[in-house]
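Colleague: The lines below spell out each chain.
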Amino acid sequence: DTAVSQTPKYLVTQMGNDKSIKCEQNLGHDTMYWYKQDSKKFLKIMFSYNNKELIINETVPNRFSPKSPDKAHLNLHINSLELGDSAVYFCASSQAGDWQETQYFGPGTRLLVL
Amino acid sequence: AQSVTQLDSQVPVFEEAPVELRCNYSSSVSVYLFWYVQYPNQGLQLLLKYLSGSTLVKGINGFEAEFNKSQTSFHLRKPSVHISDTAEYFCAVSRTATYDKVIFGPGTSLSVIP
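Read top to bottom, the protein sequences are chains D and R.
Quick note, my numbering runs 418 ahead of the 1-based positions in the first sequence.
Quick note, my numbering runs 68 ahead of the 1-based positions in the second sequence.
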């Protein structure tokens, strides 16, 4: 059973399009995250939700909008995609929002904007 | 604000040789420290973490790390590497506070040579 799953695994799209990435965790965790990993492998947190409430919202363009319909899901919607949005996006979850808790990462969604 | 430095971006090592991946951090307060591994085309997986107590932390796959407060370091070591250890390794730090985000280092690419 996959603990943290993301769909799609690959996403190739044109500039200006709107796209969504879905994330689901079956671990019963309270907290979920979105990270962006750029071409140089640099990993940076974008958002964090705890029990469907936004906890962390880093300096991310407002074209990016996370949505958490329930505790097990955290989706990422991106409007008006730009070339610089090309990256690997990782979803993660942890038992609580306390950062000593281990985070479990999904396999990543590789987004390429043409 | 805290930061993480991984001095070696790439580390090639022969199979069965020992390896040390260096990590230094800066923070004015107490921290939690983590090492994550990312295998090719996969998400991150926790190797080990230091929260408190013994400064020598043992993780999965035979890895260990030692927290050195005076040198603000948390170097990762393995006495004998395998081909399967080829991956990207990320050091991360967070302050010992709830909902304070994790900062990841730039990563070290470990290549094990047969």
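One thing to keep in mind: the hints can contain errors.
[What the hints assert, rightly or not] Derived CB-CB ranges, DEER-like:
id, chain 1, residue 1, chain 2, residue 2, range
1, D, 428, R, 179, 37 to 43 Å
2, D, 497, R, 96, 37 to 43 Å
3, R, 122, D, 477, 33 to 39 Å
4, R, 148, D, 446, 20 to 26 Å
5, R, 114, D, 500, 38 to 44 Å
6, R, 113, D, 440, 34 to 40 Å
[Unchecked claim] DMTMM-like, lysine to aspartate or glutamate: derived pairs with alpha carbons at most 20 Å apart:
id, chain 1, residue 1, chain 2, residue 2
7, R, 117, R, 84
8, D, 458, R, 156
9, D, 459, R, 132
10, R, 169, D, 476
11, D, 462, R, 156
12, R, 117, R, 83
[Stated by the list, open to error] Incomplete in silico selection of chain D near chain R, CB under 8 Å:
id, residue
13, 459
14, 461
15, 474
Please keep in mind that the hints were generated in silico from the structure rather than gathered at the bench.
Using N, Cα and C, we set each Cβ at its ideal position, and we do this for glycine too.
Colleague: Next, verify each hint and record whether it holds.
Modeller: Here's how the hints hold up against the structure:
Between residue 428(D) and residue 179(R), the C-beta spacing of about 25 Å breaks the proposed range 37 to 43 Å. About 38 Å separates the C-beta atoms of residue 497(D) and residue 96(R), a value consistent with the hinted range of 37 to 43 Å. One distance hint, 33 to 39 Å for the beta-carbon pair residue 122(R) and residue 477(D), holds here, with the actual separation near 37 Å. A C-beta distance of roughly 37 Å is found between residue 148(R) and residue 446(D), which places it outside the suggested range of 20 to 26 Å.
One distance hint, 38 to 44 Å for the beta-carbon pair residue 114(R) and residue 500(D), is violated here, with the actual separation near 32 Å. The hinted window of 34 to 40 Å between residue 113(R) and residue 440(D) is violated, with their beta carbons roughly 21 Å apart. A C-alpha spacing of about 24 Å is found between residue 117(R) and residue 84(R), which places the hinted pair above 20 Å, so the restraint is violated. Using a Cα cut-off of 20 Å, the hinted pair residue 458(D) and residue 156(R) holds, with the two alpha carbons roughly 11 Å apart.
At most 20 Å may separate the alpha-carbon atoms for a hinted pair to count; residue 459(D) and residue 132(R) exceed this at roughly 23 Å. Between residue 169(R) and residue 476(D) the alpha-carbon distance is near 10 Å, which keeps this suggested pair within the 20 Å criterion. Note on residue 462(D) and residue 156(R): the hinted pairing holds, with a Cα-Cα distance of about 15 Å set against a maximum of 20 Å. Between the alpha carbons of residue 117(R) and residue 83(R) the distance comes to roughly 25 Å, so the proposed pair goes past 20 Å and is violated.
Restraint check, residue 459(D) versus chain R: the minimum CB separation of about 5 Å is within 8 Å; hint holds. A distance limit of 8 Å between C-beta atoms decides the matter here; for residue 461(D) the minimum to chain R is near 4 Å, and the interface restraint holds. Because the closest C-beta pair between residue 474(D) and chain R is about 6 Å apart, less than 8 Å, the hint holds.
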